[in-house]
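Chemist: The lines below spell out each chain.
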Amino acid sequence: MNEEKKYTTISIPTPLAEKIKKRIQGTGFHSLSSYVTYVLREVIAGTEEESEEAFSKEDEEKVKERLRALGYLD
Amino acid sequence: MPRPHGGKLISQQIKSLSENFEKNQTYEITTDQSEDVINIATGVFSPLQGFINRNDLDNIVSERRLENDVPWTIPILLDIDNNNIKEGDSLLIKNKETGLRAIIDVEDKYKFDKKILAQSIYGTVEMDHPGVARLNKMKEYLIGGKVTLIKNKTRKFDHYNLTPKETRVLFKEKGWKEIVAFQTRNPPHIGHEYVQKTALTFVDGIFINPIIGKKKPGDFKDEVILKSYETLMKHYYLKERSVMSILRTSMKYAGPREAIHHAIMRKNFGCTHIIIGRDHAGVGNYYSPYDAHEIFTEFPDLGIIPVFFRSFSRCTKCGSVVNDKICPHDPQYHINFSGKKIREILRNGQIPSEDMMRKEVAETILTFEKPFVE
Chain B
7 MNEEKKYTTI
17 SIPTPLAEKI
27 KKRIQGTGFH
37 SLSSYVTYVL
47 REVIAGTEEE
57 SEEAFSKEDE
67 EKVKERLRAL
77 GYLD
Chain P
1035 MPRPHGGKLI
1045 SQQIKSLSEN
1055 FEKNQTYEIT
1065 TDQSEDVINI
1075 ATGVFSPLQG
1085 FINRNDLDNI
1095 VSERRLENDV
1105 PWTIPILLDI
1115 DNNNIKEGDS
1125 LLIKNKETGL
1135 RAIIDVEDKY
1145 KFDKKILAQS
1155 IYGTVEMDHP
1165 GVARLNKMKE
1175 YLIGGKVTLI
1185 KNKTRKFDHY
1195 NLTPKETRVL
1205 FKEKGWKEIV
1215 AFQTRNPPHI
1225 GHEYVQKTAL
1235 TFVDGIFINP
1245 IIGKKKPGDF
1255 KDEVILKSYE
1265 TLMKHYYLKE
1275 RSVMSILRTS
1285 MKYAGPREAI
1295 HHAIMRKNFG
1305 CTHIIIGRDH
1315 AGVGNYYSPY
1325 DAHEIFTEFP
1335 DLGIIPVFFR
1345 SFSRCTKCGS
1355 VVNDKICPHD
1365 PQYHINFSGK
1375 KIREILRNGQ
1385 IPSEDMMRKE
1395 VAETILTFEK
1405 PFVE
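Chains as they are written, first to last, in this note's numbering: chain B, 7 to 80; chain P, 1035 to 1408.
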């Protein structure tokens, strides 16, 4: 798999890049890209909604029956 | 409740047995691999739909993520000889011990570099490392592709074996929103109870999730672990706040990478938190004691919160279980919870001090004539 496919270039303002470079000095981040990737992953993860399970009612009832039979539910 | 890892809980079990798969080319897999198939098919390994293909493996090695950027640290692999299996085949895979029958649609057949893989996953190529030793015994080719479970037989401890779908329904029925997972391979001593109850104090419920399977001589037998937890929970835990269910998977001893893998599996079970102790999933001196803590800072998008515990002991001056953040006393007052020492006492048919293990738990262990794997 080539690297071109794995990464893409994003432009950010140079002053911001400079600020980030200063900020990551002495941290575990070894590059501007690794820090920006981290921050974006964090932001994206925070926007993912909690899910209600997409089980059908029938499915859920079957599961509950088993859970009752096993003593997990009263 | 957290979304399943990767956004979707995988369920790949055949609904109808009308089709005759016995005419397909068959391939016998190991018991560990058949557990992998079951874990894929029931969603424990969501979002994996099958054994890892070449692109995902490359990405796991270099980025600790699947090709689509979802965190994934331990590759789930199916190794084969260079036989006549080829891409595009639909294989019937089988295992005698688990009674497994499943179909794998072979999307990818490829060679791999064992040294690169060992260095990346285990951080070493030394054969003394059990994970490296196992990897070196693998066959030369891997196949990747979607699996569909046809059937597997009923086994011992199935009454304690819940799928992610079942635990998610269970937690919802119990009204739990925040659930902390605790992984174990041993009967509980007082230190375990302290860790579990400390974490439980801040959430709605605890999910005790022993790993069941292959063990080495001297380890406690699976039935001893389960019975001893039953006893502890009966006498010292609120039924409405604690649940135990097993997980059938092999330990890889991959330290920090495996800690992330353990967290992902528990997220799929519906847990919001996971307890990570000192040298989690470690072996020998291959990892620093807190490597398995530090790695979590590199996965801001993991979707499950680690609850870190450092070392803990009983302080005779405090008169309670303590850790290095809360006890000011000299180490001479600290008694460590040594699993080895507790095993020795039990091996001699004696009950350990109540500072170490609940009397009821020790008595339960001693009801077994042979509590240890021989």
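What the hints contain is simulated information worked out from the structure, not anything from laboratory work. Keep in mind that a hint or two might mislead.
To be verified - Residues from chain B that face chain P, not an exhaustive set, calculated with beta carbons under 7 Å:
no., residue
1, LEU38
2, TYR41
3, TYR44
4, LEU46
5, GLU48
6, ALA51
7, GLU66
8, LYS68
9, VAL69
10, LEU73
All C-beta atoms, glycine included, are put in the ideal place defined by N, C-alpha and C.
Chemist: All the hints need checking, so say for each whether the structure fits it.
Modeler: So, going through the hints one by one against the coordinates:
no.: 1; hint: LEU38; in the structure: 16 Å, violated
no.: 2; hint: TYR41; in the structure: 11 Å, violated
no.: 3; hint: TYR44; in the structure: 6 Å, holds
no.: 4; hint: LEU46; in the structure: 9 Å, violated
no.: 5; hint: GLU48; in the structure: 4 Å, holds
no.: 6; hint: ALA51; in the structure: 4 Å, holds
no.: 7; hint: GLU66; in the structure: 6 Å, holds
no.: 8; hint: LYS68; in the structure: 9 Å, violated
no.: 9; hint: VAL69; in the structure: 4 Å, holds
no.: 10; hint: LEU73; in the structure: 6 Å, holds
Comparing the model with each earlier hint shows violations of hints 1, 2, 4, 8; every other hint is respected.
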